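Please work from the sequences and hints to get the whole structure.
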Amino acid sequence: MSDLDAIDRALLNRLQDGLPVTPQPFAPLAAELGVTVEDILARLSRLKSDGYITRFGPFYDAAALGGAFCLCAMEVPEARFEAVTEQVNAHPEVAHNYERAHRLNMWFVLATETEDAIGATCAAIEAETGLAVLAFPKLKEFFIGFRVAA
Amino acid sequence: MRLDPLDRAIIAETQGGLPLVAEPYRAVAEALGLPETELLSRMQAMQERGVIRRVAIAPNHYRLGMTANGMTVWDVDDAHAETLGARVGAFDFVSHCYLRPRALPLWPYNLFAMVHGHSRAEVDEKRAEIAALLGDACRAADMLLSKRILKKTGLRLAGGRS
Chain A
1 MSDLDAIDRA
11 LLNRLQDGLP
21 VTPQPFAPLA
31 AELGVTVEDI
41 LARLSRLKSD
51 GYITRFGPFY
61 DAAALGGAFC
71 LCAMEVPEAR
81 FEAVTEQVNA
91 HPEVAHNYER
101 AHRLNMWFVL
111 ATETEDAIGA
121 TCAAIEAETG
131 LAVLAFPKLK
141 EFFIGFRVAA
Chain B
1 MRLDPLDRAI
11 IAETQGGLPL
21 VAEPYRAVAE
31 ALGLPETELL
41 SRMQAMQERG
51 VIRRVAIAPN
61 HYRLGMTANG
71 MTVWDVDDAH
81 AETLGARVGA
91 FDFVSHCYLR
101 PRALPLWPYN
111 LFAMVHGHSR
121 AEVDEKRAEI
131 AALLGDACRA
141 ADMLLSKRIL
151 KKTGLRLAGG
161 RS
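These protein sequences, in sequence, are chains A and B. Here the UniProt record's numbering is used: the first residue of the first sequence is 1, the next is one more, and so on. Here the UniProt record's numbering is used: the first residue of the second sequence is 1, the next is one more, and so on.
Source of the hints: derived by calculation from the structure; they are not laboratory data. There could be a bad hint or two in this list.
Under the rule of at most 25 Å between Cα atoms (straight-line distance), these lysine-lysine pairs were calculated in the BS3-like manner [to be verified]: (1) Lys-138/A - Lys-147/B; (2) Lys-140/A - Lys-152/B; (3) Lys-138/A - Lys-152/B.
Note that the structure is predicted; figures quoted are calculated from it, not measured.
Right under this line is the structure:
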């Protein structure tokens, strides 16, 4: 991270909190940091191409985009782990899937168009694998204070 | 949450990010064939309704040195779970925080909090901070470290272009 200077770090810290939706969103920040808008844009392009940020833009509430989401877990016998991974990942509804160190060793998120499709996908995976799928739908989501200090 | 077709078009156009230009909303409005003022008022309305959480950078926490993480899970007294969950989510090292149903007897945990740090030791320290906050309201706890990413595709607007 030695290639980040003080302005880069200020941008990384400051821009995680968000900018107002205005015609020139970077102008107040440029004034605050004593740099030009062009300098900020050049730095953001470099931070993106160097992999420090993945994007700049709106964070949409996943539920607002339509569709349903559900965290699921399975207890997969070690000997069958690779084969079951293939069976589970073959479903396009599986958005991501992690191997975790626990008796429940496979954790994946289903993203579907409808609530009903969550249950149907779980049932299909159970039928294909002969293993139980535990569903952990969110009951309540809490506001997140997560920030990465640069 | 109601989204009309124009809102959905705006989401599809911007969910991958805004162009890095001085007037990004003008550029998006031109791409959609809308007046900039209409785009701005619709996006401001979506922000007020919580459809847009914020307009910000997505930091790559791995590149910034936050390479360790653990899914911490807690069996918290239901009477206090909402209050305590809100306080756990407010920690700056927690990236996701949810109440979920238990799956007894195998899974007694109802509060899930993803914890990030620069090292396993730092993750353990942060986990201890959560344990201290929960105190007696927590009956059992565990932490699941990720061993391997088996699949990762972005969550995208259904039917939208990525």
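We went through each hint and held it up to the structure:
no.	hint	verdict
1	Lys-138/A - Lys-147/B	holds (23 Å)
2	Lys-140/A - Lys-152/B	holds (24 Å)
3	Lys-138/A - Lys-152/B	holds (20 Å)
Comparing the model with each earlier hint shows no violations; every hint is respected.
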